[in-house]
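Undergrad: These are the residues of each chain, in order.
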Amino acid sequence: MTLSLLHLDPKPASSLPDDRATTFEAQQGPPIAEHRSGEQLLVEAYIFIWIIAIVFLGSMWMRQRAIGKRLGDLESALDRAAAKADAKDLKD
Amino acid sequence: MAPKRHAADFVFSLLLLASAVLYAATLHVVFFRAPIEKTMGIVQKIFYFHVPSGYSMYLGATACFIGSVGYLIRPNDLWDALGRAGAEVAVTFGTMLLVTGPLWAAKAWGYYWTWDPRLTTALLSVLIYVAYLVLRAFAGDGEGERRFAAALGIIGAANLPIIHFSVQKWGGQHPAVITGKGGGLHSPDMKLALGLGFAAFTVFVIALLWARTRLQMMQSRLARAEQDAVDLDLIQEDA
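If you're matching them up, the sequences are chains A and B in order.
Just so it is clear: in the first sequence, position 84 is 84 by this note's numbering, and no numbers are missing.
So this note's numbering is basically just the index in the second sequence, starting at one, shifted up by 1000.
Simulated from the structure, these hints should not be mistaken for laboratory data.
Check each hint, because a few of them may be wrong.
[Unchecked claim] Computed spacing ranges between beta-carbons, pair by pair: (1) A:TRP61 - B:GLY1144: 23 to 33 angstroms; (2) B:TRP1113 - A:SER76: 48 to 58 angstroms; (3) A:ARG36 - B:LEU1078: 43 to 53 angstroms; (4) B:LEU1127 - A:SER76: 35 to 45 angstroms; (5) A:TRP61 - B:LEU1078: 16 to 26 angstroms; (6) A:VAL55 - B:HIS1028: 19 to 29 angstroms; (7) B:PRO1075 - A:SER76: 27 to 37 angstroms.
[Said to hold, decoys possible] Calculated from the model, a selection of chain B residues having no Cβ within reach of chain A, i.e. all distances over 10 angstroms: (8) PHE1010; (9) GLY1171; (10) ILE1206.
Just so you know, these numbers come straight off a predicted model, no measurement behind them.
We treat Cβ as the ideally placed atom computed from N, Cα and C, and that holds for glycine.
From just these sequences and the hints, can you work out the full model?
TA: So, in structure tokens, the structure goes:
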């Protein structure tokens, strides 16, 4: 809005800094609409959806791997304990 | 036990496959068959994934509610795992809802966000489930923490009808397309796109809830087995 009014201003633009003094004021209410391409917003929305879905599936996969590792550690600990018990039985 | 596990894996794979086929069909109908909306233009096509995202958040929240109530009545790993899986699904799809909505609003309203009743209550709902997950991640996995989280899961569900009816009761800017009075989708292809979107999201949510619940139960069982192994001096505490 301000820009269009400046275009209609009959006075020539001044080269002096003081004549070009500008005030920044807080916007009252919702921000002024800015034109954004609908196609771009649509593509962004779909990209975000797939990123969120992939992050969720990726986190599930990582947790499953962590559980698999813990299970492997537990199994090897049990195997070691069983081997130790067998060795003790043979000794006795 | 092994054939049962294989059957479960098969059903899960089948659900994922069905979900992938439905998503592909939805994308095809959304981009190649559904017409461009008269006033909003192409950005309206966000709607076909935005609304099913919100519905999926409700499904996750409902699963969390069922798990929470079940856990408070009969505490066991299954109810607890269902509650946690539901909260994760609610946060995931709630995030999709909160990301896609503002992108549509940027074009339709001219700004990304406003403190409209539906937007505010949806954000509040997602934050409740984020709090649930933060609690479960950092407060330990004891009986008390599980009960507290279950209570939070019930409080989160109490907000769902408020989100749904906020448009009717408090007005605001958020459109109400799917209502009993007026609104709606005029083109059959628009209806088909939305229907397929709902079907794809439903199957995907069921697959995720199932997988996360099973994973969570496995984790709980493993934690107990590890504790037994520590008690029997088979492994070290920090292992």
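Undergrad: All the hints need checking, so say for each whether the structure fits it.
TA: Verification of the hints:
The beta-carbon spacing between TRP61 of chain A and GLY1144 of chain B, approximately 31 angstroms, falls within the hinted interval of 23 to 33 angstroms. Between TRP1113 of chain B and SER76 of chain A the beta carbons are some 53 angstroms apart, a value that agrees with the proposed interval 48 to 58 angstroms. Between ARG36 of chain A and LEU1078 of chain B the beta carbons are some 47 angstroms apart, a value that agrees with the proposed interval 43 to 53 angstroms. Range check, LEU1127 of chain B to SER76 of chain A: Cβ separation about 42 angstroms, and the 35 to 45 angstroms hint holds.
For the pair TRP61 of chain A and LEU1078 of chain B, the supplied restraint of 16 to 26 angstroms holds, since their beta-carbon distance comes to about 22 angstroms. In this structure the supplied range 19 to 29 angstroms holds for VAL55 of chain A paired with HIS1028 of chain B, their Cβ-Cβ distance being about 25 angstroms. PRO1075 of chain B and SER76 of chain A have their C-beta atoms about 32 angstroms apart, which keeps the hinted 27 to 37 angstroms range intact. Separation of PHE1010 of chain B from chain A is adequate, the least Cβ-Cβ distance of about 17 angstroms exceeding the 10 angstroms criterion.
Against chain A, the non-interface label of GLY1171 of chain B holds: every CB pair exceeds 10 angstroms, the least being about 16 angstroms. Non-interface call for ILE1206 of chain B relative to chain A: holds, since the shortest CB-CB distance, roughly 14 angstroms, exceeds 10 angstroms.
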